[in-house]
Amino acid sequence: MVGIVFSYTTIGIDAQQISVECDSTGTQFGVNIVGMASNSVKESKDRIFAAVNNSGLTTPSRRYTINLAPADIKKDSSALDLPIAIAQQQSIGKLSVEYLKKIAVIGELSLDGNVRPVNGVLPIALQAKKDGIDTLLVPCENAEEAAIIEGLTVIPISSLRETFDYLSGEIRIPAAKVDRDKIFQVLNDFPLDMHDVKGQFQVKRALEVSAAGGHNLLMIGPPGSGKTMLARRVPTILPELSLDEALEATKIHSVAGNSKDFRNGILTTRPFRSPHHTISDVALIGGGAFPKPGEVSLSHRGVLFLDELPEFKRGVLEVLRQPMEDGVVTISRAVTSLNFPAEFMLIASMNPCPCGYFGANIPNHVCGCPPALIQKYRSRISGPLLDRIDIHVEVPTVGYADLAALPTGDTSQQIRTRVNLARQIQRERFAKDGIYCNTQMSSKLLRKYCKLDAQSHALLQNAIDKLGFSARVFDRILKVSRTIADLQGLSEIHSEHISEAINYRSLDRKYWG
317 MVGIVFSYTT IGIDAQQISV ECDSTGTQFG VNIVGMASNS VKESKDRIFA
367 AVNNSGLTTP SRRYTINLAP ADIKKDSSAL DLPIAIAQQQ SIGKLSVEYL
417 KKIAVIGELS LDGNVRPVNG VLPIALQAKK DGIDTLLVPC ENAEEAAIIE
467 GLTVIPISSL RETFDYLSGE IRIPAAKVDR DKIFQVLNDF PLDMHDVKGQ
517 FQVKRALEVS AAGGHNLLMI GPPGSGKTML ARRVPTILPE LSLDEALEAT
567 KIHSVAGNSK DFRNGILTTR PFRSPHHTIS DVALIGGGAF PKPGEVSLSH
617 RGVLFLDELP EFKRGVLEVL RQPMEDGVVT ISRAVTSLNF PAEFMLIASM
667 NPCPCGYFGA NIPNHVCGCP PALIQKYRSR ISGPLLDRID IHVEVPTVGY
717 ADLAALPTGD TSQQIRTRVN LARQIQRERF AKDGIYCNTQ MSSKLLRKYC
767 KLDAQSHALL QNAIDKLGFS ARVFDRILKV SRTIADLQGL SEIHSEHISE
817 AINYRSLDRK YWG
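Residues in the sequence shown are numbered from 317 upward in steps of one, following the numbering used here.
Derived from the structure by calculation, the hints contain no laboratory data. Among the hints, erroneous ones may be present.
Unchecked claim - Quick list of the computed label-pair ranges, beta carbon to beta carbon: (1) Q804 with Q691: 23 to 31 Å; (2) S596 with L689: 23 to 31 Å; (3) T652 with S822: 18 to 26 Å; (4) G448 with Q804: 21 to 29 Å; (5) L737 with L559: 14 to 22 Å; (6) I389 with D718: 22 to 30 Å; (7) R630 with F506: 27 to 35 Å.
Said to hold, decoys possible - Restricting the straight-line Cα-Cα distance to at most 25 Å, the calculated cross-link-like pairs of lysine-lysine (PhoX-like) are: (8) K493 with K445; (9) K390 with K358; (10) K446 with K417; (11) K361 with K410; (12) K417 with K498; (13) K361 with K445; (14) K514 with K493; (15) K410 with K358; (16) K498 with K418; (17) K498 with K520; (18) K361 with K390; (19) K445 with K390; (20) K390 with K410; (21) K576 with K498; (22) K361 with K493; (23) K446 with K390; (24) K748 with K764; (25) K446 with K418; (26) K361 with K446; (27) K748 with K767; (28) K390 with K418; (29) K498 with K445; (30) K417 with K445; (31) K748 with K760.
Just so it is clear, CB atoms sit at the ideal spot from N, CA and C, and this is done for glycine as well.
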C-alpha cells in the first residue's frame with residue numbers, strides 16, 4: 317500500500333507543493349528517501365522513525381521507500397518530517413489515504429514525537445489556499461501566522477501522536493483564529509517620535525520629502541549630530557502598511573525565520589534593517605547554496621539604514637546598485653534562478669572625513685586628516701552609487717540653545733499625515749502605471765508628469781551646466797521636485813521646487829567635487 321500526504325517546501329520566498337509518498341514492502345527493515353532530497357532531509361529518517369516509535373505508533377519491519385514529488389525540485393526542509401511520518405502510517409494501513417486529499421501537513425519532529433516550528437509558514441499558507449487545500453496542519457507556534465490567510469482552516473498541532481489522533485478522527489482540535497482588524501489596530505505603534513529630535517529642521521524637512529516620494533537619502537555630518545537618531549525615526553513618518561504590503565513583507569521574513577519576532581506572526585509596521593558595516597555581500601544581497609533573502613530583501617517595503625557608509629567594503633556597496641535601480645534581486649544558480657523583492661528606502665549616514673570633524677568648526681575638535689586620506693575615505697563611495705541616492709543633506713552639530721530648549725517641531729503623526737496626502741496623490745496619478753511613488757517613475761513617466769515652465773527650465777539648465785550633474789542626477793532632481801510639489805498639493809512643478817531639489821544635490825559636489 318502507498319501512503320500519500322501533501323506538504324510544502326519553500327523555494328526562494330514562494331512555496332511549492334510536495335507530494336510525500338511512502339511504499340512499504342518486504343519484511344526486512346530499511347528506509348530510502350528519493351526525489352532530489354538534500355542530505356539534511358535524507359538524514360532525518362532516523363529522527364522520524366524514532367519519533368514514530370516514541371509516540372506509540374506502529375513501525376513494522378518493512379522496506380520503506382519514500383518519494384518526494386516532483387522529483388526535479390531540490391528539497392531542503394525539516395518541515396517534511398511530519399508528513400513523512402503520516403505517510404508511513406498510511407502505507408501500513410493505519411490511516412485512510414482518501415481522507416487526506418484536501419489536507420496538507422508541515423512540521424519538524426523531535427525524537428520524542430513533539431512537533432517543532434518551521435520557517436516559511438506564511439508563503440506555504442498562501443500557496444495552499446491557491447492549490448485548493450482546505451485544511452493545513454501546522455506547529456502550534458506557527459498557527460497564528462498561517463491563520464492570517466482567510467479561507468483556510470489552520471489546525472495547530474503539538475505532537476505526532478496528536479496529529480495521528482486528529483487525522484484518525486479520535487480527537488477534535490479547534491482551528492486557529494486571529495482578529496486581523498485587531499492586529500492592524502497597532503499600526504504605527506512606535507516608541508520613537510520625530511518630535512524627540514531637537515533642532516535639525518532642515519534635515520527633518522529632507523526626511524519628509526524622502527518619505528513622501530520613497531527617495532534614497534544620505535546624511536553627512538560630524539559624530540554626535542544626530543544622524544542615527546534621525547534615521548531610526550524614519551519608519552514613524554512613512555505611510556501605514558496595507559494588508560497586501562504586510563503579507564508581502566512578512567513572507568520574506570517568514571522564510572528567513574524572523575516571523576516569530578512579530579506580534580501575531582505578521583509585520584504591522586514597516587521593517588527597519590540596520591546591518592553592521594562588516595556584513596558580507598551575500599548577507600546583504602542574499603544567496604547561499606540554498607538561496608535565502610539578504611538584508612535588502614528583509615528591508616522590502618521599509619528602510620535599509622547603512623550607518624558609517626564608507627566603512628562598508630566597496631564590493632558590498634557596489635552590489636546595492638542593481639536592487640536600488642530595479643527593486644529586485646536575482647540570484648542565479650546552475651539549476652534555478654530566484655527573484656527576491658527589494659523595494660526599499662536607503663537611508664545612509666557618514667562622517668565627512670575619517671576623524672569626523674572636517675568643516676565642523678567645533679572647539680577642541682579640529683580636523684587633522686591629510687587631504688589624501690580624506691579623498692581616500694570618500695572615494696570608497698563610487699559616483700554611480702552616489703547618483704542613485706536622490707537626496708544629500710548635511711547634518712550640523714546641534715547648538716546649546718537647541719539642546720537646552722524643549723523639543724520643538726512637528727510630531728511623527730503630523731509629518732506622516734502630510735506624507736500620506738502626498739502618497740495618495742501619487743497612487744492616484746500612477747493608478748494605471750503599476751507603480752506607487754515618484755522614485756519609481758521611468759523616463760516616459762518623467763516626461764509625462766514632470767513638465768517644467770520656462771523659469772524652471774532655465775534654473776535647471778544653469779545647475780546642470782555649472783555643477784556637471786549626470787543624466788541620472790537630472791532625473792533624480794525632477795523626481796524630488798515632483799515630490800515637493802505633491803507635498804504642497806500642486807499639480808505643476810514650480811521653480812522653487814526645482815531650487816530645493818537642486819539644493820539636495822549640492823553636497824556631492826562639495827565633498828566629492
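Structure-based check of each hint:
Distance hint check for Q804 and Q691: the Cβ-Cβ separation is about 39 Å, which falls outside the suggested range of 23 to 31 Å. Between S596 and L689 the C-beta distance comes to about 26 Å, which sits within the given range of 23 to 31 Å. For the pair T652 and S822, the beta carbons lie near 45 Å from each other, so the given range of 18 to 26 Å is not met. At roughly 50 Å, the beta carbons of G448 and Q804 sit outside the given window of 21 to 29 Å.
Between L737 and L559 the CB atoms are about 21 Å apart, so this pair conforms to the stated range of 14 to 22 Å. Evaluation of the 22 to 30 Å hint for I389 and D718 yields a failure: the beta carbon distance comes to about 59 Å. Taking 27 to 35 Å as the suggested C-beta distance range, the pair R630 and F506 conforms, at roughly 34 Å. With a C-alpha separation of about 16 Å, the suggested pairing of K493 with K445 holds against the 25 Å cut-off.
Straight-line distance between C-alpha atoms of K390 and K358 comes to about 12 Å, which keeps the hinted pair within the 25 Å bound. Taking the CA atoms of K446 and K417, the gap is near 15 Å; set against the 25 Å cutoff, the hint holds. Note on K361 and K410: the hinted pairing holds, with a Cα-Cα distance of about 19 Å set against a maximum of 25 Å. Between K417 and K498 the alpha-carbon distance is near 33 Å, which puts this suggested pair outside the 25 Å criterion.
The straight-line distance between the Cα atoms of K361 and K445 is roughly 29 Å, outside the 25 Å bound, and the hint therefore fails. Under the criterion of a C-alpha separation no larger than 25 Å, the hint pairing K514 with K493 is inconsistent with the structure, at around 44 Å. Under the criterion of a C-alpha separation no larger than 25 Å, the hint pairing K410 with K358 is consistent with the structure, at around 24 Å. For the hint linking K498 to K418, the alpha-carbon distance of about 30 Å lies beyond 25 Å, and the restraint is violated.
Note on K498 and K520: the hinted pairing is violated, with a Cα-Cα distance of about 32 Å set against a maximum of 25 Å. Only pairs whose Cα atoms come within 25 Å are accepted, and K361 paired with K390 is accepted, the gap being roughly 17 Å. Annotation: proposed proximity of K445 to K390 holds, straight-line Cα distance about 23 Å (limit 25 Å). A threshold of 25 Å between alpha carbons decides the hint, and for K390 with K410 the separation of about 29 Å lies outside it, so the pair is violated.
Straight-line distance between C-alpha atoms of K576 and K498 comes to about 18 Å, which keeps the hinted pair within the 25 Å bound. The straight-line distance between the Cα atoms of K361 and K493 is roughly 33 Å, outside the 25 Å bound, and the hint therefore fails. Proximity of K446 to K390 is assessed by CA-CA distance (about 22 Å); at most 25 Å being required, the pair is judged to hold. The suggested pairing of K748 with K764 holds, with an alpha-carbon distance near 13 Å, which does not exceed 25 Å.
Between the alpha carbons of K446 and K418 the distance comes to roughly 12 Å, so the proposed pair stays at or under 25 Å and holds. The straight-line distance between the Cα atoms of K361 and K446 is roughly 30 Å, outside the 25 Å bound, and the hint therefore fails. Distance check on the hinted pair: K748 and K767 sit about 19 Å apart at the alpha-carbon level, within 25 Å; holds. The hinted pair formed by K390 and K418 meets the criterion: a straight-line CA distance of about 24 Å does not exceed 25 Å.
Proposed proximity of K498 and K445 is supported: the alpha carbons are some 23 Å apart, at most 25 Å. The hinted pair formed by K417 and K445 meets the criterion: a straight-line CA distance of about 14 Å does not exceed 25 Å. Restraint check for K748 and K760: satisfied, since their Cα atoms lie roughly 14 Å apart, inside the 25 Å limit.
Hint compliance for this structure: hints 1, 3, 4, 6, 12, 13, 14, 16, 17, 20, 22 and 26 are broken, all remaining hints hold.
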